[in-house]
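So the sequences go chain by chain: L and C.
Oh and the first sequence: position 35 is 35 in this note's numbering, straight run, nothing missing.
The number in this note's numbering is simply the position in the second sequence, starting from 1, with 307 added.
No wet-lab data here; the hints were simulated from the structure.
Among the hints, erroneous ones may be present.
What the hints assert, rightly or not - Reference listing, derived: stretches of chain C covered by chain L, where coverage requires no fewer than 3 residues with Cβ under 8 Å from a Cβ of chain L:
(1) 391 to 398
(2) 403 to 413
(3) 439 to 446
(4) 466 to 476
Said to hold, decoys possible - Sample of chain L residues at the chain C side, in silico, Cβ under 10 Å:
(5) V34
(6) I46
(7) C53
(8) I84
(9) T88
(10) K135
(11) V174
(12) K262
(13) T269
Virtual Cβ for every residue (Gly too), placed ideally from N, Cα, C.
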Amino acid sequence: MALKSGNKKNNSSKTETGTWKVKVGLAQMLKGGVIMDVVTPEEAKIAEDAGACSVMALERVPSDIRKDGGVARMSDPSMIAGIIDAVTIPVMAKARIGHIVEAQILEEMGVDYIDESEVLTPADENNHINKHDFKVPFVCGCRDLGEALRRIGEGAAFIRTKGEAGTGNVVEAVRHARTVLGEVKRIQNMDATELMALARDLKAPYDLIKDIHETGKLPVVNFSAGGIATPADAALMMQIGVEGVFVGSGIFKSENPSKMAKAIVKATTHFNDPEMLVEISKGLGSSMPGLDVRTMPEDEKLAQRGW
Amino acid sequence: MRHVGVLALQGDYAEHIAMLELNDATVSEIRMPKQLDDVDGLIIPGGESTTIVQLIDIYGFRDKLVSMANSGFPIWGTCAGMIVMADELTDDRPDPLKLMRIKVSRNAFGRQIDSFEEDLIFKGIDGNFPAVFIRAPIVIETSPEVEILSLVKQKTEMPVAVKQDNLLATSFHPELTNDSRIHKYFLSMIG
Numbered sequence: 001m002a003l004k005s006g007n008k009k010n011n012s013s014k015t016e017t018g019t020w021k022v023k024v025g026l027a028q029m030l031k032g033g034v035i036m037d038v039v040t041p042e043e044a045k046i047a048e049d050a051g052a053c054s055v056m057a058l059e060r061v062p063s064d065i066r067k068d069g070g071v072a073r074m075s076d077p078s079m080i081a082g083i084i085d086a087v088t089i090p091v092m093a094k095a096r097i098g099h100i101v102e103a104q105i106l107e108e109m110g111v112d113y114i115d116e117s118e119v120l121t122p123a124d125e126n127n128h129i130n131k132h133d134f135k136v137p138f139v140c141g142c143r144d145l146g147e148a149l150r151r152i153g154e155g156a157a158f159i160r161t162k163g164e165a166g167t168g169n170v171v172e173a174v175r176h177a178r179t180v181l182g183e184v185k186r187i188q189n190m191d192a193t194e195l196m197a198l199a200r201d202l203k204a205p206y207d208l209i210k211d212i213h214e215t216g217k218l219p220v221v222n223f224s225a226g227g228i229a230t231p232a233d234a235a236l237m238m239q240i241g242v243e244g245v246f247v248g249s250g251i252f253k254s255e256n257p258s259k260m261a262k263a264i265v266k267a268t269t270h271f272n273d274p275e276m277l278v279e280i281s282k283g284l285g286s287s288m289p290g291l292d293v294r295t296m297p298e299d300e301k302l303a304q305r306g307w
Numbered sequence: 308m309r310h311v312g313v314l315a316l317q318g319d320y321a322e323h324i325a326m327l328e329l330n331d332a333t334v335s336e337i338r339m340p341k342q343l344d345d346v347d348g349l350i351i352p353g354g355e356s357t358t359i360v361q362l363i364d365i366y367g368f369r370d371k372l373v374s375m376a377n378s379g380f381p382i383w384g385t386c387a388g389m390i391v392m393a394d395e396l397t398d399d400r401p402d403p404l405k406l407m408r409i410k411v412s413r414n415a416f417g418r419q420i421d422s423f424e425e426d427l428i429f430k431g432i433d434g435n436f437p438a439v440f441i442r443a444p445i446v447i448e449t450s451p452e453v454e455i456l457s458l459v460k461q462k463t464e465m466p467v468a469v470k471q472d473n474l475l476a477t478s479f480h481p482e483l484t485n486d487s488r489i490h491k492y493f494l495s496m497i498g
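Assemble the whole structure, with the sequences as input and the hints as a guide.
In structure tokens form, the structure reads like this:
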């Protein structure tokens, strides 16, 4: 595959960091897990104690970003450093789409994964970051397979479907996951002759389409994000076929964050077991308040940021 | 045919399952303790050790795994799995199962930007083994009953693969490579 040959191969006994394999590998370790948005070291500890496989350090959760309006930027490095010190699980942080320097700052700080995220206000409306230039791995959002493959082509080692962040409404997460996974299945069943035309239609790198045709799956791990608010939501996304979930506002905007966090972790493991899901879903208090995406003006949708 | 369980609470269990199936083993995902009664050996995969230990305790795996390990049941832990199997950690959390007489340091090489690949010599396997280390642990102390199978060169010459009778632990991830020799090694421990 073209993508892999771009990275140097370890053929002697010498050690190599920042390879494609170790970038994708960390995402593979997160599979079957829940990545939680946290805004303080205390919340990070609650998330870790609840069984989060990673935390996303940011200043405001998406529902507050949505409420406050204005320009949303990378968080204060001292706030991110406080979270890095508080927990032993991997820490992710967000850079604005196309903001190379925010990404450099996060890499320098030792953040484990950078989310080039539509939740923040884009810094470049034409170009995403060239993620091959970095040793730290990146996760990026997508609404369909073409967008996912463009990000992977730029070096993203981990993909999440966007959903609609800060709404507590799972409908967009479902739409985006079904779109991406449906397109993967379709490619697998296509005749090899049709792949170049498909690459043209999806505006996606041909080599990656060919790779999916051969393997029947995305070349990187795929999580779901944007609107998951209950354990049942998390289990739904897992049944649809994603490999893990990001929960933003859904935990710390619920009535009992620690209980909700633990329940979502359990539901992500036992996503296929309705008997367990009954117990997991009991007595959690109220979930975060939800927003109807259908009545939302297009320009308020975060998912349409990036391309 | 050997029937192997892979602990499927969190982590890269699917990669282990794919590798075992390529080597003609029957595989089951293990999500509850009673499922352990049906298998001849267990892999504890890579993942986040705090998450995996949390779920081990919530679902009551701890006592059962300790007694099975003590009665000769083969278990192999990769990365987080090594942490789960350790006697003692340099951190105060998580609380490991204390199956193997080893002391383990978590995230021993640093953060993700320090994750690396290195070709290792592995006792009992010919030639180099392509090892992938992701926020990996190392073994910093062993008791005499623990056999050291491999040492890493990066930063420090410390053990990254150890065996104690029916128990095997590796700091790295053979399941992320195309090389199934260590999976075959574990299958031969099952018999």
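Does V174 of chain L pass the interface check with chain C, least Cβ-Cβ distance below 10 Å? Given a least distance of 22 Å, the restraint on V174 of chain L is violated.
Can you tell me if the stretch 439 to 446 of chain C counts as covered by chain L, using C-beta to C-beta distances under 8 Å and a minimum of three residues? holds (count 4)
Interface hint compliance - K135 of chain L to chain C, C-beta minimum distance less than 10 Å: holds (5 Å)
Given hint T269 of chain L near chain C, where the shortest CB pair must fall under 10 Å: holds (5 Å)
Can you verify the interface hint for K262 of chain L: is its Cβ closer than 10 Å to any Cβ in chain C? holds (8 Å)
For the stretch 391 to 398 of chain C, do three or more residues have a beta carbon lying closer than 8 Å to a beta carbon of chain L? As far as the stretch 391 to 398 of chain C goes, the hint is violated, because 1 residues have Cβ atoms under 8 Å from chain L.
Would you check whether I46 of chain L satisfies its interface hint, that is, whether its CB is within less than 10 Å of any CB in chain C? Violated, because the Cβ-Cβ distance from I46 of chain L to chain C comes to roughly 13 Å (cut-off 10 Å).
Coverage assertion for the stretch 403 to 413 of chain C with respect to chain L, Cβ distance below 8 Å, three residues required: Since three or more residues must qualify, the claim that chain L covers the stretch 403 to 413 of chain C is violated, with 1 doing so at under 8 Å.
Hint check, C53 of chain L versus chain C [nearest Cβ-Cβ separation less than 10 Å]: holds (4 Å)
Hint check, T88 of chain L versus chain C [nearest Cβ-Cβ separation less than 10 Å]: holds (6 Å)
Does the nearest C-beta of chain C fall within a distance shorter than 10 Å of the C-beta of I84 of chain L? holds (8 Å)
Whether chain L covers the stretch 466 to 476 of chain C (at least 3 residues having a Cβ closer than 8 Å to its Cβ atoms): violated (count 0)
Hints 1, 2, 4, 6 and 11 from the list above are not met by this structure, while the remaining hints are.
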